[in-house]
Amino acid sequence: MNEFVESRVRLTWPDRLRSEYDVVILGGGGHGLATAYYLATRHGIRDVAVIERGYIGSGNSGRNTTVIRANYGVPEAIRFYQRSLELFQGLEEETGRWIMHKEKGLLWIAHTEMGLRAERARAALNHAYGAETVFIGPDEINEICPQIDLAGGGRYPVMGASYHPRGATARHDRVVWALAEGAMQNGVEVHQNTTVTGLKVSGDRVTGVKTERGDISAGVVMMALGGQVTMVASMAGLRLPIRSHPLQAFVTNHYQPGLDAIVASTELLFYASQTARGEILIGAEIDRQPSYSYRSSYGFLSSCAGRALALLPFLADLRVLRQWAGICDMTPDYSPVMGPTGREGLLVTTGWGTWGFKAIPAGGEAMAQLIATGEMPELIAPFGLDRFARDLPLSDRGSAGTQ
Amino acid sequence: MAVALLRQGIHPRGGGCICLGGDCPNCVVEVDGVAYVRSCQVAARPALEVARQTDTPRLPDESRPLETELRTAFADVVVVGQGESGLAAARDADGTVISFDAHRGEEAIGLYAGPTVVAKTPAGMVSVQCSRVVVATGAAEEQPICPGSELDGIFTKRAAESLRAAGIDLGDAVTIDEQPQRFEGSGRVEAVVTAAGDRIAASTVVVDLGLHPRSGLLRMGQGLEVEVVGDAALTDSLPPPPTEGVVCPCSDVTVSDLEAVWDRGFREMELLKRATLAGTGTCQGGVCLPHLRSYLAAKGVSTPAPFTARPLTRQATIGEVAAGYDLPPFRRTALHDEHLRLGATMDRFGAWWRPWRYPDPEAEYWSVRERVSLGDVSTLGKMEISGPDVVALLEKLYPCRVADLKDGQVRYALLLDERGYVLDDGLICRLSEHRFYLTFTSGGASFAEMWVRDWAETFDLDVRILDRTMSLGAINVTGPLARELLRRGGVDSPPAYLAHVDAAVFGVECRIVRLSFTGEVSFELHHPFSDSVELWRRLEEAGADLGSYPHGLDALFTLRLEKGHFIVGMDSEYDSTPRRLGLEWAARLSKPDFVGKQALLRTNRLPLNKRLLGWEMDGPAPIEGAILWQVATPVGQVTSARYSPVLAKTVMLGWLRSDPAEPEGISCDGRPVRHASHPFYDPDGARARA
Amino acid sequence: MLEPLEATRVIARPAALDAVRVSPGTLLMRLALDDALVIGGDVQVDDPFAIVVPDSGWVAWRFGEDQLREALVRLCAFEIHAGLNQGMVAGLPAKIWIDGDRSLVIVAAAYAAEFEERFR
Amino acid sequence: MLYLTCPNCGRRTVEEFRYGEIPTIPESITDPDARDLDRGFMRTNPFGPSVERWFHDYGCRRWFTVTRDTTTDEVL
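Protein chains in written order, with my numbering: chain A, 1 to 403; chain B, 1001 to 1690; chain C, 2001 to 2120; chain D, 3001 to 3076.
Just chain A, with the same shape it has in the complex (with noise of 0.2 Å):
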């Protein structure tokens, strides 16, 4: 048996899919659990069905590069995403369950005088909105990391990084299986293999949804849906502004460790990190054009590798494993989107982009508290849909990490 086998987690699956929840959450991803998690947990709500079209985690939750940190580029999001930060830490003693959580220190390497000021700029923020990073040079970046070429290759000279020693990763799958244990042991239902056909709407209020094994009653219905949130909102006569996009990454086969930080680069586009199990895990900037297509691109690859090995050579002796694709769903600030709709009865959680796993455990227990007491959470207000109608849109692109 290999170590990595999951060994305690038990997944208990209801028998039939009721007519009447008083929560009901579409999508059984990271968001959906962690919410559905909290909701039982946190507040007592457990009358609550998580209705997932495939299996819990094949979305998002399970295709992403497992990077946690919270150093963003707003106040608000430095402060959500510090939230979430800390919830991981104490996720594995919460739930007793063993996500492979390791902190291990996030680099973003500048290579010019402008990615030297938007570095520190980084630093600057982040440290006074109270997620630590300091701006370190490149003996410091040495010291952290010694595989990093310091000459870049001849075209990428690191002359400094924004260091973010709370960095961490953690196993993606084991996020969304404890979360769904920790739900389940507290009389959540979680419906795999359950597709979603409708919504069911009264006026400007939508009671439930339809699926193909039936309709369900619910007090509120929760969006938390990757890549189909946009069909699914439009069955309520919703739009929302997300388009989605692939976005790619490979991993290696596994080795000793050896690559003990988070290594980015906001202008080669490209983040690498060891996983617990020792691959590699190397992932880039989102495609281009909007498709809902998981099929992974050659250019893709061979790019992302190429940018990789400016500043990371050693890696080229390592053997490519597979490489798979995520559909992220991208909003026009790179900044999420949480709350209430306009439809009564609805609620949403998305915008998820390329940051949407290390939102997992704050995102949900937001979202838990606003279903449980019908009141916007302070901590996301600012995410809220209504926010571009206000003219309050939260930029932060230099944050989508692969930007």
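Quick caveat, the hints were computed from the structure, so don't treat them as lab data.
None of these values were measured; they are calculated from a predicted model.
One or more of the hints may lead you astray.
[As the list claims (entries may be wrong)] Below, a sample of chain B positions facing chain A; criterion: calculated Cβ distance under 10 Å: (1) Gly-1033; (2) Val-1037; (3) Gln-1041; (4) Ala-1051; (5) Thr-1056; (6) Arg-1058; (7) Pro-1060; (8) Gly-1110; (9) Gln-1222; (10) Val-1253; (11) Ala-1275; (12) Thr-1280; (13) Ile-1318; (14) Trp-1356; (15) Leu-1606; (16) Pro-1607.
Every residue gets a Cβ at the ideal spot worked out from N, C-alpha and C, and that includes glycine.
Position chains B, C and D relative to chain A; hints supplied.
Quick look at chains B, C and D alone, frame taken from chain A:
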């Protein structure tokens, strides 16, 4: 290589059933420092360094230079596999055919849209774009799943045939054709216990358990023009459900692991895979997939589909897949070597190399403020545009008025997007009634061309557009003595402030555009790329006794900041409306229409949440990005901060994100800062207009 | 074999460009319906709004066709045909003119140094 | 590896192009502010055929229009 090792009595990995077909992980070794190499897929050559691989190899300490290249080819048909059916498919195909033969070391590693087949070959990487792919990859032999399967001395039927053909004596080999109960032995197999329970002593066991189509490429090609022939097209019959032993040799997953996670509720193929990591190793399910399916089928899961096939089907290294990729190119202005000659430190700004600093930064600054200086502004976006509808187009594109510009006049303008946010800024120069010359920022040039063309087509306007960014150089001659330097170049009537003329400077035809970003008299000399060096040198020579010294970007950032000029993307943000930037005058809302007008009308009614303001403080400049504090609360962030030599204080631009009333008690870097109106230097612009 | 290219750029109505005739020895590359790069000769175009300007922002390399095709197998991912080809070559925007011994690769002069390094 | 065919230059990999959206606003939105807001921020995000503009960045530098199935990336 595997055969060569086995000939010497060495099992490449120490044990495990050998297939010699590239389907299992049981022959992986480290070759020349590269781990996870299937020795059955590599030709043995002298001087190759082969080492036994541990379960988890070390990361390499360093890399070796890689000579691999990627070649692109085109064909009507690509045939992957050159067994009988592959050969037939290649023979019968119409048009041009390219075939890959794994036996010659040509391994297709992925099938992508197009269709495009990428293969690793002894000659390097190959990418073939084609109309149709024929998958003739054959079938893999089923591996034994039972206790003892990790022993040495177990071979598939085909492997045994290959070894015998290579003259290797397999001794007392016995052949079994059903999954055995177990193998016995220590290190090397000593006996096999068959399904029927018979114990047969043997030091070599050949397993002939059936075939499973190598369907990875086919599954990867779903939705593409892909056809499958030969054994790869076999219907995949399930083996008997595994009962004991290692199912996935890559990740070391046993049947009891499957049982354990099944009991815990992991009942989907993907969940079972993810919870055990079966199928996620070197062979990507090549060994375990049939057995996992069979396991689930026995549990009552109806016909579990194989898990998704993803590239790469056969492995390549990161260095190999990077072959043929070229990093984004950097641009050089025509004056690149001049800057190097002058000792400049070059830095990249967007796509361009630009002089950041020359050896004497003080001279850079003071030559502009007190004498004359040259700056290379060739990177500015430049566009010529003409046509009957040109005024109509520009009136739509720019938030300022355009129609009233007279020939020879220049106007500074913002460019807004449809949300009313500032996209870029630059100049509008009117050449004649139907002809204009536009400039954009260095970073915005490429987008500007797309933007202008897009709107011209959207409005169906009759215009001609030529982007001249890369074909014209531009030199900024700036400082109180700029006029004198131009006079020496033969320009007796330089343009007035915010005007332009076409004239020769030292014999070089220039469009001389007068404005001021530095705060002093400034003439931008736009000229043919090929004349740049000549013009620069003549200006340099003629300016020597005027005290001319060139200035780079770093000095320019200080000079412009003293004038309070913001820089798009450095000081502005995604949601910077003219109002937030304090540039409401730049958007003429009385115009009938322009891109972003409706958005400005809409958002101007909303409360103002943040403003870009001027700030000053004593002492040295804080970092650009420093936080503005009101007592202990962060209320904003500095975007630009420079110590101004001429003003003897620090001047800054920065966003205030709190109540926009007059801010008080603001500090930065532990020191008090004052809100100050900008321009900080020469506020009425007398010097620039002089 | 690098040479700076002294050319004329013509932006004009497509029909006006269609009607342009150039003298023998002059190379007219039709970059787009309304866009031509003219090398080695004058050009008259019947469009009062045409933009006709000297364009020295390019550099060219001369090759024999076979030599060029062989190199392009490594440097570009599209199929080359006789006449003008435009696209990504060695990671940067390039124009390829295929015409026997007069075959050319043209890139913006700003990319000359990068291209030279990559073309090897 | 998505391919697009530029009407001027021919078939190229997607890396040579830049994507441009054609915004579609429901006719039911008639209020000028609401239309403007929808145009600026809301997206139809089609699942299936999508009419869109592409700019041939590395070639002729002109826009063209294609219909692409966003579920398969196939150009229709």
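Evaluation of the provided hints:
Of the supplied interface hints, the one on Gly-1033/B holds, with its beta-carbon coming within about 6 Å of a beta-carbon of chain A, less than 10 Å. Below 10 Å, beta-carbon pairs count as interface contacts, and Val-1037/B has one with chain A at about 8 Å; its hint therefore holds. For the restraint placing Gln-1041/B at the interface with chain A, the shortest Cβ-Cβ distance is roughly 12 Å, beyond the 10 Å limit, so the hint is violated. Of the supplied interface hints, the one on Ala-1051/B is violated, with its beta-carbon coming no nearer than about 13 Å to a beta-carbon of chain A, more than 10 Å.
Below 10 Å, beta-carbon pairs count as interface contacts, and Thr-1056/B has one with chain A at about 5 Å; its hint therefore holds. Interface restraint check: Arg-1058/B against chain A, minimum CB-CB distance 5 Å, threshold 10 Å, status holds. Annotation: Pro-1060/B was flagged as interfacial toward chain A, and the flag holds, the nearest CB pair being 5 Å apart, inside 10 Å. With a cut of 10 Å, the hint placing Gly-1110/B at the interface with chain A holds, because the nearest CB-to-CB distance is about 6 Å.
With its C-beta approaching chain A no nearer than about 9 Å, Gln-1222/B sits inside the 10 Å limit, and its interface hint holds. Hint status for Val-1253/B: holds, given a least beta-carbon distance of 6 Å to chain A, under 10 Å. For Ala-1275/B, the interface hint holds, the least distance from its beta-carbon to any beta-carbon of chain A being 4 Å, beneath 10 Å. With a least beta-carbon distance of about 8 Å to chain A, the hint placing Thr-1280/B at the interface is held under the 10 Å criterion.
At a threshold of 10 Å, the smallest CB-CB gap from Ile-1318/B to chain A is about 5 Å, leaving the interface hint in force. Because the closest C-beta pair between Trp-1356/B and chain A is about 6 Å apart, less than 10 Å, the hint holds. Taken as an interface hint, Leu-1606/B checks out: its beta carbon lies about 5 Å from the nearest beta carbon of chain A, inside 10 Å. At its closest, the beta carbon of Pro-1607/B sits 9 Å from a beta carbon of chain A; the interface hint therefore holds under the 10 Å criterion.
The structure does not agree with the numbered hints 3, 4 stated previously, though it agrees with the rest.
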